[in-house]
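A.B. asks: Chains as they are written, first to last, in my numbering: chain A, 6 to 175; chain B, 102 to 394; chain C, 4 to 769.
A hint or two may mislead.
Stated by the list, open to error - Taking beta-carbon pairs under 8 Å as the criterion, some of the chain A residues facing chain C (in silico):
{"hint": "1", "residue": "Cys46"}
{"hint": "2", "residue": "Cys51"}
{"hint": "3", "residue": "Glu82"}
{"hint": "4", "residue": "Leu91"}
{"hint": "5", "residue": "Phe98"}
{"hint": "6", "residue": "Ile104"}
{"hint": "7", "residue": "Cys106"}
{"hint": "8", "residue": "Phe108"}
{"hint": "9", "residue": "Cys109"}
{"hint": "10", "residue": "Ser110"}
{"hint": "11", "residue": "Lys133"}
{"hint": "12", "residue": "Ile140"}
{"hint": "13", "residue": "Ile149"}
No lab work stands behind these hints: they were computed from the structure.
Glycine residues also receive a C-beta, built at the ideal position from the N, C-alpha and C atoms.
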Amino acid sequence: MTTQISFLLNGDEISHEIKDHWTLLHLLREEMGLIGTKEGCGNGECGACTVIVDGLAINSCLYLAIEAHGKHLETIEGLAATDGTLHPIQQSFVDEGGIQCGFCSPGMIMSSKALLDENPKANHEEIKHALAGNICRCTGYVQILESVEVARDQISGPISIQEGRGECNE
Amino acid sequence: MKAFKYLSPESVEAAISFYGEHSETAKYMAGGTDIIVKVKEGWMEPDYLISLKKIPEMNNLYKNEATGELSIGALTTHSTLEKSLMIQKDYPIIFDAVSNIGSLQVRNVGTIGGNLINAVPSADGAIPLIALDGVALLHGPDGERSCKVLDLFVAPYQTILKPGEILKKITIPPQPPHTGSGYTKFGRRAAMELPLIGIGVLLTLNSDYKTCIKARICLGVAAPTPMRAYDAEDFLLGKQITEEILNEAGNLAAAESKVRDSIRGKAWHRREMIQVYVRRMGLKCLEQIKEGR
Amino acid sequence: MNNINPDTNQEFRVIGKRIPKLDAAQKAMGRAEYIQDIRLPGMLYGKILYSKYAHANIVRIDTSKAKELAGVHAVLVGEDVPKKMKMGFYKDNPPIKKNKVCSFRDEVAAVAATSPEIAKQALDLIEIEYEELRAIFDPEKAMEKDAPLVHEYHKSNVLNLPWHLHYGDVEQAQKESAFVVEERFTTQWVTHCCLGTSGAIALFDAKSNLTIHTNTQIPSLAQKDFLESLKAMGLENKRVRVIKPTIGGGFGSKLDTYAYEHIAILLAHATRKPVKILFDREEEFKATSTRQPTVIYIKQGCDKNGKLTFRDMRMVLDNGAYTSWGATTPSVMMMPITSLYRVENVRFDAKCVYTNNTYSQAMRGYGNPQATFAIESTLDMLAEKAGIDRVEIRRINKNQPGDRTPQGFKISSCGLSECIDAVQKEIAMDKNEKRERGIGTGIASLIHVGGGARIYKSDGCGAILKMDDYGKVDVFTGGTDMGQGLDNITAQIVAEELGLLVEDINVIHSDTDVCPWDVGAHASRSTFVAGNAALGAAKKVKQTILAYGSTLLDLPVEDLILRDRAIFCPKHPEKTMPIDKLLRKAHFSPQGKMLMADYFYDPDNENMGKEFKGNLSVTYAFGAHGVKVHVDEETGKVTVLDYVAAHDVGRAINPLLLEGQVYGGVIMGIGYALTEEVILKDGQTMNANFRDYKLFTAKDAIKIKAPVVETYDEYGPFGAKGIGEPGCVPTAPAIANAIYDAVGVRITNLPITPERVLTALKEKKE
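All chains, full assembly: derive it from the sequences and hints.
C.D. replies: Structural data, given as C-alpha cells:
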C-alpha cells in the first residue's frame, strides 16, 4: 500500500514514496526530517502541526499525506529567505515576545501566514478568530496577537485604528 | 495508525462500486478530520478508505436562482460555507454554526456532509440544516433516495445510511420573505468548543411583521440526536412575537428537551440555556427581519 | 526609577531593554530541537502500560506474548524493578507497580521495541488479571476510620508531614476581634498543559554510565534522583549526565522526576540501547501531575478599624496515591497565610491524605494561588462586614519595607502600596460608582518569594564564564531556560557588567557535564539566583580585565569602565582599547592568560526551622491585581472585560519578557478561576484532551495591563526580583471578588463555572 506522490514543498518539487495511511505530519517529520512542524496533540485540537496546503491552514496530523499529491505545501522551514532573513511574521514574533517555549510557534506562525496571505488587512477580531485553533500555554496570546498585528502593518502598511488595532493594543 | 489502502474515485458510482468490492472492510471518507482520529485511536480499522473528495458533484455549493433552492454538496467544507457571501447574507443560521466548528484548520478540511454522517450529538452542522427544512440526498447501491436532514439521525454515531450509501448533497428549499434565523452554541470558551447545548431558531413573520407563520426551534445535545422542539414551534405559530412569547417558547423547548448530565455540563443548566437562548435567538431573528424590511 | 547603574553611575546599556528572546529566531524557524525531535542511532521506543483500576491487586501478569512479538527488545513489570527504586521525597512510588495498583495512572508494565507501533502492540499483548479493591476518592472521607487504606503498610491514609504552625494566640485574638468571617473553599485539579509533551531518552555507555536527554527544570536534582536509581540497580559510582533539549513549557511540571524517566533508564539498561519514551497528549493529561487540590477552612478577623487581628486556616489536601511536591505545597501556602498583609496571630494546619486519585506536583505558584484564593476572598467578606472599603482594608493592613512577618520573613523592598495604586488607576474600585447591570470589579494582592526560596539544603546556582580572543563570552549556568527567558536575563546581566552587547554572550544551560549545580527553575528564583551567579562571575572577570587594562593603558583602575565592547576612560577618551584586542594581548603574551571565572551564588536566606520560622527568601515579590467582569445573570457565564496585574519586580531587566511572564501567568490564573479542571470520576481522568480541558484560546484572549513597580531590591541583580509565578497567584480571588461585586454572590469553589454562578444566583433569590 505504497504510493508515489509529488507535490510542491516550499517551492521545491518533491517526489516521495509514501504509505497510504501516513499523515502529512508523519511524512514531514519522520520521513523527511522536517522537525519544524510540531505534534502537540495528534487530534487536531492544538494547531502545533499547522501547515499550509494550497493556501489553507490545516492540521497536518489529521491530513493524509496522499492527499497532498499535486498540491502546494508550505511549512515553517520555507518561510525565511535563503539568506536567513526571517519572514516579517517570524521577525515580529521574535521582536514582540510572541515566542516563549516555542513549541506552538511554528504552527502559530503558519496560521498567521495563511491569514495574512488571504486577508493582509485582517483586524484584531479576525486574527483572534483565525488563531483560535492554535493553543499556547506560555504567552496568554497577548504578545502573539501583537506580533501578528505588527507583521500585518509591516506587510500591508499601517491601517486605520478602526480597521485593525484591537483591545490588546490599546 | 493501522495501515489501509486509500482510494479516490471520481464519481459517486465508482465510489459505490469500490465499496461493493470491499464492503465491510471499507469506509467512506469526506474531509477526514473525524475519521483519521478514529483510525488513529483504533476505534475504526478499515482496510480501505474511499475518499469522496474527488467527486465534482459533491463539491458544489450553489443556489438555483430560478427555484431559490440552495444545494450544498456534502463535501463542501465548513470554511467554504463560512466564507460564502451568499451564506453570510441569506443563511445566517448556517454561518453562525459553521464559523465556530472546531478550529479554522479543521473547518478548512472538514465537510458539512462528514459532520452530519459522523452523527455526534454535539454536531453543530445539523441544527441549521434542520431549521431550514433541509433535505438529504442519498445515493447507494440501490439508487437514490432522500429524507429530511432531521430524519438522518437514528442514535448517537448512527444514521439511516445503509451500507454503501453516500450522502451526496443537502438541498434547502427557498425561504419565505420575512424570515430570520440564528444559531448559538453555549460553551465555556469562545472557540474550539463542542457545544454544551446548541440552539437554532428560525422565524418567519407574515407581512404585518408581527405574526409568526413559521417557526423552527432546533436543538443539539438536547437529546441523543438533533431534535426539533415541536411544542415550542406550535406555540409560536399565529402568535404576535414578543419577548414574553419567546420566553414561553423557551420554557416549552426546555421542557421537551431530553438533556442529560455529562462531564461537559449538567442537565438542569442545559435546560436553562435552552430557555434563555431560544428567546435570545428569537430576538435575533426579529432583528434580522426588521433589518430586511 | 532612574536608569543609572549605581555601580558605575553610567546609564544602563542593556538592563531594562526589550531585547527579544535569544533563541526566538531559532524557534520561529522551527529549528529548535525538543525531545520530540531527537533521534539517536539504534534507538528503541518505550511504552508504558497503565492500570485499569483505581485500586486493585494484581493477581497475575503474563508478558510472554508481548516478549515473543518481533521487534520487542524488553518487557518489564514490577518484579523487574529493584526494590529500592522509589520516586518522590516520601519514597512511596516505584516506577512500575508490583502486586497492587492504587490509581489509574499506576504503571504496571513497560516495553521497548524498534518502533512506537510495535511497542504499543506489545502492550496490548500483556495479560493482567486484577482483583478490584474498594477505593477511596474523597480526602475528607479517607481520613475516616473505616476508609480503605491506599497503602496498607502506611497504616493510615494521612501522611506524616509536619504542616502545622501557630504564632501569637489565635483563640484570644478571635475573642477580641470586632468582626470575624468564616468560610469553606475548594480548589480543583488543574494541570500544566505544556504544548511539548513529556519525554526522555536514556542510554548507557560501555562503562554503564548513564546519559539521559530529558525535559527537566531540575537538572541537578534529577541527576541525583537518577544516581539513586542506578544505585538501586546495583550500578554504584557511575556517572549521570542530564541533557536538556529545548523545553516545550515547564510551569512546575518538570520539578520532580517521573516514572517514565526511570522506566527509560531501566529499559535502556535492559536492552543496552538508547530508549526513548515520549508521551502522547492523553498520557500527558493522565500520567503527569496536577496542581494540588485543596479543601480550605478559613477564619479571619479584624478590629473595628479594619486592622487584621488573626487568620486561622485548616486544609485537607488530596494527596492522590503517591507523593510528590504537591504534598509540600503547604510550606509555600504558609507564606501568604502568615505574611500577606500584616497579621500577628496566625494558625495553619494542613493534612495530606492518600486517595486513589492522581497525585499532584509543583505548578506555578506552588500552593500560593490556593491559599490566596481563600485569604483574599474572605478579606472582601470581612471588609463588607466591617463596613470598610475593600481597597482601604488592604491599605490598612499592607506590608511595608522593614517588616518582619510572624514567620520571620524580612521584607526588604515592598511595592504593595504602589501596586494597589496602579490597579486603582486602571480599574475603578469605587463601589458607589454607577455601573451597568452585571458589571463588577475586584481586587486581590499577593506576596511571593522573589529572592530564592530555601526549601532544599542549598538554594544556590553556579555560573562559569569564559571569554575568547574575539570578545565573545560563553556563560555556563546551572539555571534552566524553559521558555521563560533565563538565557536573556543571564546574557543581559553579563553584557551590562562587561560592557558588551547581548549578541556577544552565549548562554549554555543544557548539560550537567558542563554546567554547574543549581537547585532548579522553581520559586521564581532564576532571575534572582542564577542572575546573581552570572553577575558574580562577570564581576570577577571584570576585575581582571580592569586590572589588566590599567597596566596596558597606564591608568588607575578606578578611572576605567567597560562600555561598547571596549575598555574606556571617561577622563581620557583617547585611551580606549577594544575588549577583543585586550583579550588577545592577555592571551598571546608570555605567561598568557585566558579570562575565565566561576561563581557560586547561594542566597543568604534561611531554611525554615522547627516552627517554620526563618527568612525563606532574601526578598519578596508583591503585587495587586484588579479585574472588571461581566456576569450574565441568565446563563451564569463570567466574561473578563479588563485586567490589570501590577507587580513589584524590583527592577525590570527585560520588560518584554517580564510582560510575557505576567500575561501568561494571568491567563493561566484566569483559566484556574473560570474554565480549567481535570475532571476525575472515581479516580479516572474524564477529559484528557484539549477539547474538554478548557484552556483559553486566542479568541478568548483579553486585554491585560501589566504596570511594573520598580522598588530596586538591594540584593537582586541590578535590583531585580522574581516574576515567574506571581501572575497567576491572586487571579482567582480577584475574579471571585469582582463577581460578588457584580451580582452579589460569593463563589467559593473553583473553577467558577456558569453552573456554579447560576446556582448561587438562584440560592440568593430564594
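A.B. asks: Look at each hint and say if it fits the structure.
C.D. replies: Going down the list of hints, with the structure as the test:
1. Cys46: Check passed: Cβ of Cys46(A) comes within 4 Å of chain C, closer than 8 Å.
2. Cys51: holds, 5 Å
3. Glu82: holds, 6 Å
4. Leu91: Where the cut-off is 8 Å and the nearest Cβ of chain C is about 6 Å from Leu91(A), the hint holds.
5. Phe98: Given a least distance of 5 Å, the restraint on Phe98(A) holds.
6. Ile104: With a minimum Cβ separation of about 4 Å from chain C (threshold 8 Å), the hint on Ile104(A) holds.
7. Cys106: holds, 3 Å
8. Phe108: Since the shortest Cβ distance to chain C is 3 Å, the answer is holds.
9. Cys109: With Cβ-Cβ at 5 Å, under 8 Å, it holds.
10. Ser110: holds, 5 Å
11. Lys133: At 5 Å from the nearest chain C Cβ, Lys133(A) passes the 8 Å test, so the hint holds.
12. Ile140: holds, 6 Å
13. Ile149: holds, 7 Å
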